[in-house]
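> Next come the chains, spelled out residue by residue.
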Amino acid sequence: MKSESTILEMKSITKEFPGVKALDNVNLKVVEAEIHAICGENGAGKSTLMKVLSGVYPYGTYEGEILFKDQLCEFKDIKQSEDLGIVIIHQELALIPELSIAENIFLGNEQASKGVINWNETISKARELLIKVGLQESPNTLIKDIGVGKQQLVEIAKALSKNVKLLILDEPTAALNENDSENLLNLLMELRTQGMTSIIISHKLNEIKKVANSVTIIRDGQSIETIATADITEDRIINGMVGRSLTNRYPERQPNIGETFFEVKHWNTYHPIQSERQIVKDVNLHIKKGEIVGIAGLMGSGRTELAMSIFGKSYGKKTTGEVYKDGKQLDLSTVSKAIKEGIAYVSEDRKEYGLILMNDIKENISLASLNKIASKNVINDSKEYVVAEEYRTKMNIKTPSVNQTVGNLSGGNQQKVVLSKWMFSEPDLLILDEPTRGIDVGAKYEIYTIMNELASQGKGILVISSELPEIIGMCDRIYVMSEGQITGEVEKANATQEVLMKYMTNSRG
Amino acid sequence: MNSITSLLKKNLKQSSMVIALVLITLLFQVLTDGTLLKPLNITNLILQNSYILILAVGMVLVIITGHIDLSVGSVAAFVGAISAILMINMEMNPFLATIICLAVGALIGAWQGFWIAYVGIPAFIVTLAGMLLFRGLTLVVLQGQSIAPYPESFQKISNGFLPDFFGGTDIHILSIIIGVAVSLILIGLEIKGRNNQLRYNFEVGSKGLFYAKLVAIFAVVNTFTYVLATYKGLPNILVILFAIIVAYTFVMKKTIIGRHVYAVGGNLKAASLSGVQTKKVTFGVFVNMGVLAALSGLIFAARLNAATPRAGNLFELDAIAAVFIGGASAYGGVGTVVGAVIGGLVMGVMNNGMSILGLGIDWQQAIKGLVLLAAVAFDIINKKKS
Ligand SMILES: Nc1ncnc2c1ncn2[C@@H]1O[C@H](COP(=O)(O)OP(=O)(O)OP(=O)(O)O)[C@@H](O)[C@H]1O
Ligand SMILES: [Mg+2]
Chain L
53 MKSESTILEM KSITKEFPGV KALDNVNLKV VEAEIHAICG ENGAGKSTLM KVLSGVYPYG
113 TYEGEILFKD QLCEFKDIKQ SEDLGIVIIH QELALIPELS IAENIFLGNE QASKGVINWN
173 ETISKARELL IKVGLQESPN TLIKDIGVGK QQLVEIAKAL SKNVKLLILD EPTAALNEND
233 SENLLNLLME LRTQGMTSII ISHKLNEIKK VANSVTIIRD GQSIETIATA DITEDRIING
293 MVGRSLTNRY PERQPNIGET FFEVKHWNTY HPIQSERQIV KDVNLHIKKG EIVGIAGLMG
353 SGRTELAMSI FGKSYGKKTT GEVYKDGKQL DLSTVSKAIK EGIAYVSEDR KEYGLILMND
413 IKENISLASL NKIASKNVIN DSKEYVVAEE YRTKMNIKTP SVNQTVGNLS GGNQQKVVLS
473 KWMFSEPDLL ILDEPTRGID VGAKYEIYTI MNELASQGKG ILVISSELPE IIGMCDRIYV
533 MSEGQITGEV EKANATQEVL MKYMTNSRG
Chain B
786 MNSITSLLKK NLKQSSMVIA LVLITLLFQV LTDGTLLKPL NITNLILQNS YILILAVGMV
846 LVIITGHIDL SVGSVAAFVG AISAILMINM EMNPFLATII CLAVGALIGA WQGFWIAYVG
906 IPAFIVTLAG MLLFRGLTLV VLQGQSIAPY PESFQKISNG FLPDFFGGTD IHILSIIIGV
966 AVSLILIGLE IKGRNNQLRY NFEVGSKGLF YAKLVAIFAV VNTFTYVLAT YKGLPNILVI
1026 LFAIIVAYTF VMKKTIIGRH VYAVGGNLKA ASLSGVQTKK VTFGVFVNMG VLAALSGLIF
1086 AARLNAATPR AGNLFELDAI AAVFIGGASA YGGVGTVVGA VIGGLVMGVM NNGMSILGLG
1146 IDWQQAIKGL VLLAAVAFDI INKKKS
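Quick note, the sequences are listed as chains L and B, same order.
511 is the number that the working numbering gives to position 459 of the first sequence; each next residue is one higher, with no gaps.
786 is the number that the working numbering gives to position 1 of the second sequence; each next residue is one higher, with no gaps.
Same shape as in the complex, but just chain B (with noise of 0.2 Å):
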């Protein structure tokens, strides 16, 4: 009995970030008449949110390590002006433009990096210098102006959707088969993880929980991709996204540098004596920010089909909040990446649903801050009581 209760208490704590998302999600669909879940609106949540829920894969890294980065959506911008110079004044290859700005997306992280691991300039001086400095750059190359249109290929990023090679009609027969296949897999992994803990005497939750909880993971999958299907089919910009987010669980849970990652910002010394080379993992966290606020940019550029000076303007703020409400700490050591996305897609999905309900800016940044302290504040009450 005991023991069920506690169980039920730690799977409660893990998952209550999932049960906010769903809830306000359900919030929403009642508000708005159901227009939240149609098939076209959920493309639109996608497509509105990847730029943000990219840079908070980014975040999350730097927040575990015990930092923050204020510049992201500066470098966002500024990179997409970059983008724009190639592209567009330059006539660049859209494939090789990329390519050139995913690296100096690295050079600045790079640039960030080197200031904050080796000289030890806390990085939310050097990210504040930043956030101007590129903002002011992002003026400089733009000359203050809009520049657009990107070629058509290069928009694909943002706004193209998988091919459907079996020519489906009403519906998209290639994304329906991925839906499948990807949740089989998460139920194949969900399955050896169990069989895994069981081999070595683990506490599992019960047999029917356990089932009810891949029901659930197919359901909510297929679900997902028909709905998706019933529109244009899988946004190329979903693809990217479910790539980045598998990749980045993956270094994070189970490789030695997220090992390394956690060390750092859960004690640096111990981990420094360790033989972890903390400079060198703080350095490269800060690269990888940088690369992915590139991306971040890129993509944002594309969607607007256009680099303004104004892009990513508080894009900073809304990825550490996603962070925040994703349940890191600011003291660092603690976060997931998976937590980072949920917590960007409370704040996407609040942002939507606001929209459609018509709600102005100012109470919607009004009510995104409300929401991230309560967030915060669940978490740290339910983590005090248990």
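Here chain L stands alone, though its shape is the one from the complex (with noise of 0.2 Å):
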């Protein structure tokens, strides 16, 4: 084995946006051929970091020094990263959806002699980064047609045909369910073998503890200290993350679960171009009064797909069935009517459904409610700013101010805000989609605590998520969706992980 030398070095960075010190004198040192883990609660400054590294805030926009390979560095944009083989791979990706595996693999690179694109070498030297990263797919492929799991691999290919050394993966797996994930995990672990380090940052601390040689912790924009392989321990990063120790991962609860008022019945949707494709077969379900209700499926089950379409038609106009609430019918048929009879749906894509980017907290929050704190249509512009006040203590939304611009918050806090916004809208059935994706643990528990509190107030909860330990942890009954179905229904006392798999995987069309 070679000695250990460090690759790369971040001394004292310190990096400031108007009215918050995003990160304090951080440093951060990667040891050649390793995996490093950087972990933090959401808004510790992990991304920030990341960008000052790759050249996405530009030298001079920030203090401190980064040494890449002994060398000094100071880049002016991404590009001069990736010469020296720093590459990112953002918490966003970044593909083209329109255009081909091939085609997004070498964008900005592309295989071409005095500007004329050489269509047989791109397609031949695609394949060979599609094997090397287990990808089966062909590189005409066009993006929007393949899941986000091989578009994460594709973001890792298009990586590798820069020459990468040092790769960087901001929450790569936040949007993978546990099967793309694993594969993931293999190949960095595979190309590590083969020489290449990188950094990765993740909320998912199992994936951590499973790949990393080295976690360095970040907490409020400062570096608390750097865990070495040995001593890597799910609690002994929460413990640094948090400053203490987090004994229970789910907050105790006594349900209180009353009769049921909420059911959807012979539900039937199909998707909005092709027609005669049926995504959700057939659906029964039912909620009580104070019962926390989970949905387990692999992606591409129909759940998202569920919930949407029952939240006023959101998904496709053809779809079929009826919804009784308190024993009376629903006509849900537009977004307005379904919050008037009080159900809320947070998105699994915040940026996407979910948030006006450009629009600041307030403004977001209280989107969906709007006559709660107008008069006559008048907004009353006090009253709003109390609300979203008091919305920021409650759910700790860390930003100086609830007039900060959405866009400019780290994803979990993005993610509250989207959650405030319906919380206010004071629903009777609330139906989180992902509602703890790319959420630091000590945030999740904040999660979870305020879907207890808000079950213990006699509503009805429906959660859809792919983290099987948080369904099992969480819910009081749970369904199993599969091809559109509902293939089980297990009491939690029955909620195993295998049992919910063996549902998960049968399908009974």
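Only true hints are included.
The calculated lysine-lysine pairs, modelled on DSS-like cross-linking and capped at a C-alpha distance of 25 Å, are:
#: 1; chain 1: L; residue 1: Lys256; chain 2: L; residue 2: Lys450
#: 2; chain 1: L; residue 1: Lys389; chain 2: B; residue 2: Lys1064
#: 3; chain 1: B; residue 1: Lys1054; chain 2: L; residue 2: Lys389
#: 4; chain 1: B; residue 1: Lys1065; chain 2: L; residue 2: Lys424
#: 5; chain 1: L; residue 1: Lys184; chain 2: L; residue 2: Lys214
#: 6; chain 1: B; residue 1: Lys977; chain 2: L; residue 2: Lys435
#: 7; chain 1: L; residue 1: Lys256; chain 2: L; residue 2: Lys554
#: 8; chain 1: L; residue 1: Lys340; chain 2: L; residue 2: Lys380
#: 9; chain 1: L; residue 1: Lys128; chain 2: B; residue 2: Lys1168
#: 10; chain 1: B; residue 1: Lys1054; chain 2: L; residue 2: Lys392
#: 11; chain 1: B; residue 1: Lys1054; chain 2: L; residue 2: Lys403
#: 12; chain 1: L; residue 1: Lys450; chain 2: L; residue 2: Lys435
#: 13; chain 1: L; residue 1: Lys317; chain 2: L; residue 2: Lys369
#: 14; chain 1: L; residue 1: Lys424; chain 2: B; residue 2: Lys1064
#: 15; chain 1: L; residue 1: Lys121; chain 2: L; residue 2: Lys63
#: 16; chain 1: L; residue 1: Lys428; chain 2: L; residue 2: Lys392
#: 17; chain 1: L; residue 1: Lys256; chain 2: L; residue 2: Lys544
#: 18; chain 1: B; residue 1: Lys1064; chain 2: B; residue 2: Lys1054
#: 19; chain 1: L; residue 1: Lys196; chain 2: L; residue 2: Lys365
#: 20; chain 1: B; residue 1: Lys977; chain 2: L; residue 2: Lys424
#: 21; chain 1: B; residue 1: Lys1039; chain 2: L; residue 2: Lys392
#: 22; chain 1: L; residue 1: Lys389; chain 2: B; residue 2: Lys1039
From chain B, some residues computed to sit far from chain L (all C-beta separations above 12 Å):
#: 23; residue: Leu806
#: 24; residue: Gln814
#: 25; residue: Pro824
#: 26; residue: Leu855
#: 27; residue: Gly929
#: 28; residue: Leu947
#: 29; residue: Ile962
#: 30; residue: Gly973
#: 31; residue: Leu999
#: 32; residue: Ala1001
#: 33; residue: Ile1025
#: 34; residue: Ile1029
#: 35; residue: Gly1154
#: 36; residue: Leu1155
#: 37; residue: Val1156
Hints listed in this document are in silico derivations from the structure and should not be mistaken for laboratory results.
Backbone N, C-alpha and C fix where the C-beta goes; we use that ideal spot for every residue, glycine too.
Please assemble the complex out of the two chains, which come individually in their own frames, going by the hints.
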């Protein structure tokens, strides 16, 4: 074995945004051919640190030094860091849906001579790269036709094509299911044996434990410590992140379950464009007052489509079935009707479907319930401010002011804004679609606490989640979906990962 | 220290368009040896630009929702033509005719809004078609000729002034009174706003700066009305314009409808999942644009005292330019009514100043093009810096 040599050193990095000191004297040392994890709460400054490293925030906009292979680096843009082999895959994927896999891999780095693209070379090189990352797809397939898991692999293939020495992955598995995550992590470990160094940011501590050689903890913009391989345990990481140990991942709760108040009967939904394709097939479900009900299922099993179609036919117009609340049949043909009937849906994709990024926090929180802070259609600004402040405190949204633009918040804090918006609509039934995606352990606990609180007020909660431990830990009853159908219904007492997995992969149709 | 500079920067950004307007006005005031700000010329400036400003107010809503409307010039011409048929050929009561014309504008807006909001055809295409369609129909209605003259009472919209009940001889007393009243109301609103902000511990500017602002508001408004009062007083059109600006600013800033318009432009999908009826909002914005385009056409016809086939030519471009100079984003979600009006005034002052200087239309157009580019570039570079 080669002796350990440092490939990257970041020294006393400080980065300020107006009103926020995102990084305060952060130090980071990464050893060659290791997988180095960075952990920290939402808004701790992880993404910012990586953006400094990769030249997204150019030299001069931060203080401190970056040494890559003992060479002082002053990147003016991403191109310069890429030339040295530092490649970042951002929290949000940056692929172009309408272009093919091969075109995306070589985007900005086209295989061309004198400006004319050599397609044969493009395709054959892309094919090699796809084999390397273990993706069995034709290079000509369009990005929009493959799932997020495969897209993530394309991102890595793209990085490899740039001769990457140091690969940075910002929450690469946040949107992936367990299988895809596992694939990706195995690939990273495989690449490590070939000498590639990577930095990975993730809130999934079990994954970190599995792959990381060392973990650097960042808290409130400061580097707290670096944990060596032998000492990496989930508890140890949590301890560093939040400054205390978290004995329980799921808050205590005394379920107080009343009678059934919400029922969905014979629910069918078809694809909005290919109208013969049935996405949800004859689903029946019910929710009791004060009950937390989970929906487990693989990606593509129709969970999100089910939820969105109930929420005002937001998924395609061809939807049939009946919904009853307190025995009365509901008209849920539009979102505003659904909101009026006391239903709220927190989308899994907060950027696309949940937030108006250019608007500030208070405008986002009030958007779905403007009539609550208005009289005769005129908005009461002071009331809006007070409400937003109330949720900022209650949800612990880390930001100097509710006038902050939502696009400037860290991912986890954005999620809390979306949750605030829907809590403010005071629903009777809250549908949560992957509510803890990209959220740190502490904030997860907070969100679980809020769910419990709502349930204890007699509201119904329907949670869609790909994280089985979360579903098992939180729910009183779990429906399992597979290929658009409900294949199983499991009480809390009987819920184990094995049972759920069995139903998840079982198709009756 | 840090907070002062950041506050200054923030204020500077918000008022950069005002500063640009002031600078351009001063520049032409000097270049024209003081002709620009003579009472007669200010009155002219208002009369000449009113129809563009009204279009800009409608256009800023369209652009905030992320669309564009290329048809407004043609729609203005078409409605002007119809008004001539009604009032001149059929001798209809001008008031009734005006109502009908505004309704026609609403119908046209509904027609275009239907294709855009409910069928999903891009606004660029629908309104490009509308631009050709209504220009063509204008020619059909007018049979290629101008129709004139309008009844006296209708011309008053554009050429009339507020009567002076106080019988001032050299000076229009009612105008002075209105000026004082308006400036006091504005100052009252400023103080109320600041007190509100203080109550919620917002960052506010220093007291000195605030008082300076109040004095400036008082001085500017009253100087303006005083200068107009020494000529013929406040033009009717200024009153209409003022009412429109106040009403639309209020709607966009303070009401649910306004919030929904911004939400649709900011993120259509998120807005729709928050219960905003995005199609209705888009449709409504185009209906509104149709009505304002009709109003603009009427005012233009009244001013020319004729309906002509070439009326409203290139109005759409002036209105769109005004909106972008006023800080709206081409991607939607951003823009203000006041900004659009200031943008319109920038264009108006330049047109007027260059005409006084005797610059030909050719150079005027070229210079306006450069100013549009410079203004937007300045805004974008400014945003990137912060
Ligand atoms: N462009 C910006 N303008 C202002 N503040 C910003 C900007 N980008 C980030 N911040 C702030 O800097 C802090 C760190 O953000 P960062 O995105 O690095 O957090 P993170 O550790 O990646 O969190 P998460 O786990 O939620 O992704 C946050 O408080 C955030 O609000
Ligand atoms: Mg992040």
